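Construct the complete structure from the given sequences, taking the supplied hints into account.
Counted the way mature numbering (1 follows the signal peptide of the UniProt record, and there is no 0) counts, the sequence shown spans residues -19 to -1, 1 to 426.
Among the hints, erroneous ones may be present.
Listed below are the simulated DSSO-like cross-link pairs for lysine-lysine, each with C-alpha atoms no more than 27 Å apart in a straight line [what the hints assert, rightly or not]:
(1) K425 / K364
(2) K411 / K422
(3) K411 / K372
(4) K372 / K425
(5) K411 / K384
(6) K11 / K33
(7) K411 / K364
(8) K364 / K396
(9) K384 / K422
(10) K54 / K11
Estimated spans, in silico, between C-beta atoms of each pair [said to hold, decoys possible]:
(11) I223 / G152: 22 to 30 Å
(12) I133 / S195: 16 to 24 Å
(13) N337 / N173: 42 to 50 Å
(14) I223 / S404: 50 to 58 Å
(15) N238 / N402: 48 to 56 Å
(16) E94 / Y331: 54 to 62 Å
(17) Q210 / N238: 22 to 30 Å
(18) N105 / S276: 48 to 56 Å
(19) T70 / Q210: 39 to 47 Å
(20) T212 / P19: 51 to 59 Å
Since the hints were made in silico from the structure, they are not lab data.
The structure presented is a predicted model; accordingly, all values stated were derived computationally and were not measured.
Just so you know, even glycine gets a beta-carbon here, dropped at the ideal spot from N, CA and C.
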Amino acid sequence: MKKIYFLVLALCLFTDVNAQIINIPDANFKAKLLAASPNYYIAKNLSGSYFKIDVNNDGEIQLSEALEVSYLKVDAAGILSLNGIANFTNLKHLECQNNQLTSLDLINLINLEYLRCDTNYLNNLNVSGLIHLTHLLCNNNQLINIDFSGLISITHMICSNNQFTNLNLTGLANLINLSCDYNSQLTNLSVNGLSNLKYLYCSNNVELTTLNVSGLVNLQHFYFNNNSQLTSVDITGLNNLIRLECHDNRLTSLNCNGLTNLEVIICSNNELTSINLDGLVNLSDLYVNDNLLTSLNLDDLVSLDNIYCYNNQLTSLYMKNGRFQLPFLNNNPNLVFICADDSEIEDVQYILNTLNYFNCQINSTCSIGLVKMYPNPVSDILKIVTNENEKINSINIYNTFGKLILIISNPQNIKTVDVSNLSSGNYFIKINSDKGTSNTKFIKQ
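Below, the structure written as structure tokens:
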């Protein structure tokens, strides 16, 4: 008799579990679940195949049916609530973006690995304790705070375009990719100690004043643009950094010394008065335009291809690094000296001519005033003074279009040059010596 009793009891319990109907009050959510089929890609079973959730065709979702779902995509369906989702405890992948959700509690989904809930109206999101979650995409909502505790497996997080005032990322030791752009209320961000982080995006946070990135030894890509209150960021020690973008902030200085893996720096539109580029042997692209720089040293940048330094207050530019590059120098009217490789001097001089920078001297010795000449302006005889141990190899005079006008014979013995036959105007005298090349402008009256 006891055996019969227990058999009947077990049968009743089994029947009850299988017949237990989940309450799903949101009609759009329920309709989406009932529409799932092998040909309508909404849900996958535990084997990873698209399937029909409502296998008994009763127009309801039983608990037993919910437990068969490992993947669910219910995006863009006008859903106001996901009440009932807590019963899908075998769910590993959930996409519910582009709906009208305001609150989402998923702490029962202990197997969840991937969550995409962006572009809703969420002001509450509960994902704490989801130890298997690796991807969280909650951007474009109205979130003020999220409890990230227990997310020990998280590697990718996008929480941009919310209303965070603070982000506590303590304990997210496996985080690789973090995006927190467009959080207009965020005043400080500390990601120090996230030693596995490789990609960090924190641009367009207009109230951000403090950004702590110390200890990010594996960071490779760092983007923090358009943070209009940010005046300083310490990037020392980010030795694996490859790309740095920090344009349109209010930075006054930037120290990149020794970050030898850097390939691209874009720090235009700041208030930089100094930038340290020592040791950046792999840097190929440098954007420092629209700052307040008065001097720029590119000597160590042996891989540099592109240099944009227009709209500064440069007086000197040191670009002798064995690499042929032509700088964009527009709107640096105070530029008086450039040191360049011999192979660049003619082309750089042409740029100076086109910009009407006639007071700028260029040579390859990195010594201002290597060759002196006077008077300037001159009517007839131009006097040349060099160091006693300097041997002059050639003296040529060019007009402002770069056309060779006059070649001086026996230059090694020349102390004066007769320019009386030249028409009035601006000219350049190019003197090549055993110490390098000097290119200096003079005015013929």
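Here's how the hints hold up against the structure:
1. K425 / K364: holds, 13 Å
2. K411 / K422: Roughly 9 Å separates the two Cα atoms, so the pair holds.
3. K411 / K372: Holds. K411 to K372 sits at ~14 Å (cutoff 27 Å).
4. K372 / K425: holds, 26 Å
5. K411 / K384: holds, 12 Å
6. K11 / K33: OK: K11 and K33 at ~13 Å, within 27 Å.
7. K411 / K364: Holds. K411 to K364 sits at ~14 Å (cutoff 27 Å).
8. K364 / K396: holds, 6 Å
9. K384 / K422: holds, 14 Å
10. K54 / K11: holds, 12 Å
11. I223 / G152: 22 to 30 Å: With a Cβ separation near 27 Å, I223 and G152 satisfy 22 to 30 Å, so the hint holds.
12. I133 / S195: 16 to 24 Å: holds, 22 Å
13. N337 / N173: 42 to 50 Å: holds, 49 Å
14. I223 / S404: 50 to 58 Å: holds, 53 Å
15. N238 / N402: 48 to 56 Å: holds, 52 Å
16. E94 / Y331: 54 to 62 Å: Given range 54 to 62 Å: holds, Cβ gap about 59 Å.
17. Q210 / N238: 22 to 30 Å: holds, 26 Å
18. N105 / S276: 48 to 56 Å: holds, 53 Å
19. T70 / Q210: 39 to 47 Å: holds, 45 Å
20. T212 / P19: 51 to 59 Å: Given about 58 Å between the Cβ atoms, the range holds.
Checked against the numbered hints above, the structure breaks none of them.
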